[in-house]
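Novice: Listed below, chain by chain, are the residues.
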Amino acid sequence: MTTVRTHDPAPAAGPPAGPPATTTSGSSSARRSPATAWTLWAARRVGLAALTLWLVSVLVFLATAALGDPVKAILGKEAATNLGRAEQIRQQLHLDESLWDRYWHWFGGLLRGDLGTSVANGLPVGELIGDRVVNSGVLVLIAAVVIIPVSFAVALLSARHRGRRLDHGIQLVVLTLAGLPEFVVGIVLVALFSTVVFHALPAVTISAGGEGPWTQPASMILPVVTLVLVVAPYVIRIMRSTLLDVLDSDYVELARLKGVPERVVLRRHALRNAVVPAIQVIGLQLAWLASGIVLVEYLFSYPGIGASLVDSVRNSDIPMVQTLAMIVAAVYVVVNLVADVLSILCTPRERTAISS
Amino acid sequence: MTARATAPATSGTARTALAPAADGAPAGGSSTASRRRSWQPRLVVGLAITAFVVLVAVVGPWLAPHGEHEITGDPYSTAGVLGTDYLGQDVLSRVLHGGLSVLVVALLSTVVGLVLGVLVGILAAYVGGWFDEVVMRLNDAVLAFPQILLTLLVLSTVAEPTMWLIVVLVGISHAPRVARVSRGVALGLTRRDFVTSAEALGESRLRIVVREVLPNMSGPLLAEAGLRLTYSIGMVAGIAFLGFSTDPGAADWGQMINENRLALLVQPWGVLAPVLMIGIFAVGTNLAADGIAQLTSKGGDR
Numbered sequence: 001m002t003t004v005r006t007h008d009p010a011p012a013a014g015p016p017a018g019p020p021a022t023t024t025s026g027s028s029s030a031r032r033s034p035a036t037a038w039t040l041w042a043a044r045r046v047g048l049a050a051l052t053l054w055l056v057s058v059l060v061f062l063a064t065a066a067l068g069d070p071v072k073a074i075l076g077k078e079a080a081t082n083l084g085r086a087e088q089i090r091q092q093l094h095l096d097e098s099l100w101d102r103y104w105h106w107f108g109g110l111l112r113g114d115l116g117t118s119v120a121n122g123l124p125v126g127e128l129i130g131d132r133v134v135n136s137g138v139l140v141l142i143a144a145v146v147i148i149p150v151s152f153a154v155a156l157l158s159a160r161h162r163g164r165r166l167d168h169g170i171q172l173v174v175l176t177l178a179g180l181p182e183f184v185v186g187i188v189l190v191a192l193f194s195t196v197v198f199h200a201l202p203a204v205t206i207s208a209g210g211e212g213p214w215t216q217p218a219s220m221i222l223p224v225v226t227l228v229l230v231v232a233p234y235v236i237r238i239m240r241s242t243l244l245d246v247l248d249s250d251y252v253e254l255a256r257l258k259g260v261p262e263r264v265v266l267r268r269h270a271l272r273n274a275v276v277p278a279i280q281v282i283g284l285q286l287a288w289l290a291s292g293i294v295l296v297e298y299l300f301s302y303p304g305i306g307a308s309l310v311d312s313v314r315n316s317d318i319p320m321v322q323t324l325a326m327i328v329a330a331v332y333v334v335v336n337l338v339a340d341v342l343s344i345l346c347t348p349r350e351r352t353a354i355s356s
Numbered sequence: 001m002t003a004r005a006t007a008p009a010t011s012g013t014a015r016t017a018l019a020p021a022a023d024g025a026p027a028g029g030s031s032t033a034s035r036r037r038s039w040q041p042r043l044v045v046g047l048a049i050t051a052f053v054v055l056v057a058v059v060g061p062w063l064a065p066h067g068e069h070e071i072t073g074d075p076y077s078t079a080g081v082l083g084t085d086y087l088g089q090d091v092l093s094r095v096l097h098g099g100l101s102v103l104v105v106a107l108l109s110t111v112v113g114l115v116l117g118v119l120v121g122i123l124a125a126y127v128g129g130w131f132d133e134v135v136m137r138l139n140d141a142v143l144a145f146p147q148i149l150l151t152l153l154v155l156s157t158v159a160e161p162t163m164w165l166i167v168v169l170v171g172i173s174h175a176p177r178v179a180r181v182s183r184g185v186a187l188g189l190t191r192r193d194f195v196t197s198a199e200a201l202g203e204s205r206l207r208i209v210v211r212e213v214l215p216n217m218s219g220p221l222l223a224e225a226g227l228r229l230t231y232s233i234g235m236v237a238g239i240a241f242l243g244f245s246t247d248p249g250a251a252d253w254g255q256m257i258n259e260n261r262l263a264l265l266v267q268p269w270g271v272l273a274p275v276l277m278i279g280i281f282a283v284g285t286n287l288a289a290d291g292i293a294q295l296t297s298k299g300g301d302r
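Line by line, the protein sequences give chains A and B.
Counting from 1, one number per residue, gives the positions in the first sequence under full-length UniProt numbering.
Counting from 1, one number per residue, gives the positions in the second sequence under full-length UniProt numbering.
In short, the hints are calculated from the structure, not lab data.
In this text the structure is predicted, and so the values were computed from the model without any measurement.
Treat the hints with care, as some may be off.
Claimed, not checked - Selected chain B positions facing chain A (in silico; Cβ < 10 Å):
1. 155
2. 211
3. 233
4. 241
5. 275
6. 281
7. 283
8. 284
Cβ atoms here follow ideal geometry from the backbone N, Cα and C, with glycine treated the same way.
With the hints as constraints, model all of the structure from the sequences given.
Specialist: So this is what it looks like as structure tokens:
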């Protein structure tokens, strides 16, 4: 029953990497140099991320290629009558080859940067999604830039007023928002600010041919606010709990007893120690945003990969769906990797564990 | 490092895994009694809200003034309490008729996800070794999918989705998240004395899992179930909102939003009524889940 969580980054850095002669004797000659240790560690982390991505590619392929019949999905009732078009789609998607060959064909193309051709309009997938990736990136970035300081401030406010009315109020709001699906938040916002109650903001993003949606800042407000309202509650909750843990600790107690002003206690001791959990949760939420944009972009007709994904799924445009799914999954894996690495670099204990 | 271990799970699981620990932290010098009072409202209010929405959905069809497909006026007119929808059907009646399908699909998919997830999680924790490693690595790959994406991927090649397809897909997308949580809980249990002594008595592994490990996981699993139900309703309604309907034309809260969305300005209730019902239900289940999580985190280790 020795179930060591070997996929857990921290302990994994020790045993599996196999420091040659690490025993209690701790002779310095038997140790690897810190540089080697760090290289091994980095290689392991990147390797695991790559393995995950490869598994994801298998899953994406199986989910889109092995279960249903694309020809029937694309042509509907025409599939039985319009044999010429059916055959054309078969050829384009290589449906006559075996599943195995099709996978390697697709995966090889993915590695070479050849993303295939859209079934819906015959254009290369790479061309179709280029702008959309940028648009979605801008949306997520703006949302993240708003979310981080806002949730920090609210969490700090809540922790400072712990147990009092303000804290209870904040917790209630946070808990309520945390349960709401993103489209519910979005639709209520649209009803409040652009249609029913006020007519202040545009309800949909209209980007005039080729220009980025950020050229019309007003149309970005509601999508960004929706994302913030959906994501911030989770960040606030975790930040609050981290801050409370820190504020309960002995060193904060000591600093207070020494007569260090509360403001300095918060800045020097509390906030600094909350950085690592903050990196973790923000990484998670950024990764979550990659999927949260699907419903939000669709709702606001924002020209990003989320809305594109919904359209492609509806048209059974399989090459598009596969590529977009891989992009979303890649963002998730990379952001998590960066968050893990950053948080290890920010923790002295972990750094020592790796380099020695 | 347990925090790191749970963190890479998506949003949901990691959040609740961490949150109760914090809220459960002794609040200043307050007594146990006062803290117990502070969690009860969440569970009670959450359950009450959930029960209210379920009641509306179950009893609704009998209370509805008009039939599910009955045309009562012009499209988007103000006839009736909440007006009419895109075909001229009564919105209030559609809302009363349309709850049950959403709730049943959400509930079933939650059950599928829990059963699969708990099975995998306990096996991984209890068998351990390479099996644990392989299962958890596969789990990581599935976790890299945003939950709704898995369903969308499959829907891209399926011409006419059925209710059961949605149940299975949403359930499967829950499973890795549930597996992560239940593996964590089960790992803590397998090292406890009562499991060791059962092993020493020569009991079979299956019996130990069923009789010793599972009952002791009920608290965290209940909290997880509440959370999964919250996400289920969002996903099931979200899929219908994106226009992937299993039964076009039927009254269904998610579908209603999609049908009437373009007329938000003219006839807001056609969209707002189902949106609010979904929102209220999700808030209810989330509150209840939070209440259970706080309750069990205190009853267990503290």
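Novice: Check each numbered hint from earlier against the structure, then list the numbers of those it violates in ascending order.
Specialist: The structure breaks only hint 2.
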